[in-house]
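Participant: Starting from the known structure of chain B, arrange chains H and D on it as the hints suggest.
Residue numbers (the numbering used here), protein chains in the order written: chain B, 71 to 296; chain H, 859 to 1210; chain D, 267 to 496.
For the record, the hints were derived by calculation from the structure and aren't laboratory data.
No false leads were slipped in.
SDA-like mimics (lysine to any residue), calculated; alpha carbons at most 25 Å apart, straight line: (1) D:Lys384 <-> B:Leu218; (2) H:Lys967 <-> D:Pro411; (3) H:Lys950 <-> D:Glu389; (4) H:Lys950 <-> D:Arg482; (5) H:Lys967 <-> D:Arg407; (6) H:Lys967 <-> D:Ser486; (7) H:Lys967 <-> H:Gln999.
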Amino acid sequence: MGDGPPSLWEWIGRNWDTGRAGSIKDLLIDHLTMSLVPILFALIVALPLGLACVRWRWLYQPASGLMNIVYALPSLPVFMLLISVTGLSQTTVIIPLAFYGVAVLLPAVVGGLDSVPDHVRQSAVAMGFSPLRRLLAVELPIAVPVVLAGLRVVAVSSISLVSVGALIGQGGLGGLFTRAYQNPFMPPVIVGIVLIVLLALIADGLLVLAQRVLTPWVRVRKGVAS
Amino acid sequence: MITFDAVTKRFPDGTVAVDDLTMEAPTGEITVLVGPSGCGKTTSLRMINRMIDASEGQILLDGVPVQSIDPPTLRRGIGYVIQQAGLFPHRKIVDNIATVPHLLGWDRKKARDRAMELLERVGLDPELAGRYPFQLSGGQQQRVGVARALAADPPVLLMDEPFSAVDPVVRTSLQEELLRLQDELNKTIVFVTHDIDEAIKLGDRVAVLRVGGRLAQLAAPKTLLSEPSDDFVREFLGHDRGIRRLQFVSTEGLRLRTDLTVRDAAGGSSEEPWRLVVDEQGGPVGWISWSRPDELEPFGSFLYGRDSMRSALDAALLSPSGCSVAVDDEGKVVGVATREALDEALAEAADG
Amino acid sequence: MNWLTSFFVWMGEFFGNGANWSGPGGIPMRLLEHLEFSALALLLAVLLAVPLGLAIGHTGRGEVLIVVSANLARALPTLGLLVMFVLLLGTASIWPVIIPLVLLSVPPILVNTFEGIKGVDPELRDAAYGMGLRGGQVLGRVLVPVALPLILLGCRLSAIQVVATTTVAAYTGLGGLGRYVIDGFATKDYASVVGGSVLIVLFALVVQLLFALAQRVTVSPGVSQRVNVR
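So that you can see chain B by itself, here it is in the shape it has in the complex (with noise of 0.2 Å):
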């Protein structure tokens, strides 16, 4: 197709695989790596915190607060900051990313679990449920639907948060950001922004699968509300 600038889907063609570091697919991978954890990161820790704050009620003023400082801090500096400790790496990206999704998670796993009636809770016990069997069997399930939402918001976040990580070269897809701009060339915005946009529908798709298999039951009172 002649000596002008290759169209979007040659330029796609081309960078694919090319078996060195940077084709598209590499960024995919790495993309996928940088959001997945702290995701994963963010679920493991919030839900014990959250456990604990709901049962220790004193703690979650100060944790709700913590975390409402950690979630104000903008990634970029804080990836800066992080570059002395773990270096140009893909933790230094990472590690903010986990505490941001924990800022998200924990107020909805402690609202999740404050959304569990009283009376529910109450028969539960009467019913003689010990307390651990209990959370298992009675409240965890209830409060998966406002868990499931955090969740979703976190993965969607880290999803997108990632890409700012290419300012120190270690952004997934958001590398073919820095790659445009440094040469001025439109389709790898587009690629990136499409692709990155494409990831965060597909986790939020499968969460919602998720939740339905996981709550049958919200999903029929709604069928029968509307």
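Facilitator: Only chains H and D this time, still in chain B's reference frame:
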């Protein structure tokens, strides 16, 4: 006077909430709309201040169709009280009460003075004026709701299940407060409830509505209890309507005996099994029998001529003597209604 | 040298350097720029999103817009959007950067304003209409004061977003505190990177604090007794 003239409300989904309703709510009286859920009572109420517009027919306010009045203007002239009071959480109590006066452009001082006056009128401590709604109990909030509805002195008051969210004790006191206020104010009140006892207690006239929005019967409470128009009304009234009807039968003509009161256990005729001991002021102390001269038995009393036959009968059932004590306003014994006297009165009541 | 010592050394180097405190590239100037860009973007976002959120929440029309914007805004990569606008519109003015800043900060305000208005107890709305308030009065005198905590929350989340994105926007040539970080990183001037990062973090925290204060001042005590969730 509020007139419903062949009013029908059909919602967009096809359900008919109110079906060809024709009735009147006379000036200065409490008209209660009562019925099971889905009977269109709230819809009927809300059509008066045009929160909902009628599909057919018209509602007249002193002869003027409400449809011809701009809704906000109409509503400022009609007090409106709802279930959870609906107080504005961001405004202090005094400002909540002064809402409509402010809307009508009263000056600040006048609106404030009016609010303070009403606060006392509905039986609240003026101290509460500076509080926010969340600092008040449910019953107090409901009183503020009534005060707010009365603020601009509207001739008409619409009350939509105003007392159904508070506990029974508070509800009773709010009901009595309303009747007391109505004695002073003589508003035209339309009151919606699902509680037939509340309807009978408060209403000058009670309209029973059936599901589908049709008027089953409109009558004074006494008539409703004695002559329900059909099985639906009969069932809705419940099974002890005979007893309940007695609350509309006066004790005025009740035959009393005055020869049964004694000052001490030794007094009175030996032929009477029971004698009533009274204190120096003439107030009742207790019944005494010859078989247990050292033991005072409990008594029940009613305000003669003021309380109903239901109270008199109730008072009789509270005492082993089977008699009930009639007292006056000062608590002095006027006389004793014996079983025979009560029997006569009941027989008369049953005849109508 | 461990990382903590180097942190303090860099801090000293950055803040101790007199040249960093004056001129067009000095800290006061950069701070002012950062404030200016953030405030401008936030203001435009508020002007766009609050009325729109109020209208949609009050009338119940256009709720789809809320759902779409909320989801899309979180998914859109800020850096990608910035680069795209700059490549499309050039760097002749600050607008190619300000536009994406505004676009990204509209959704949090829009969603929270909408949720705030929609979440007002229907009984309250009913009482307000029933007493004869007109539509606009119901909105202005009842719904907005009651929904204010959520509206302000939206603005605060947006401000956080704007401060962060303004930093990233330094990459596409915008001034502000982000310059220290971006330029320092490019020239391996780590004193500048660390000093700039600390400044931005402090800036973000001060903004957060200001919003907390604004909330305390403007929200009626009758309303703030309620608990709000993000």
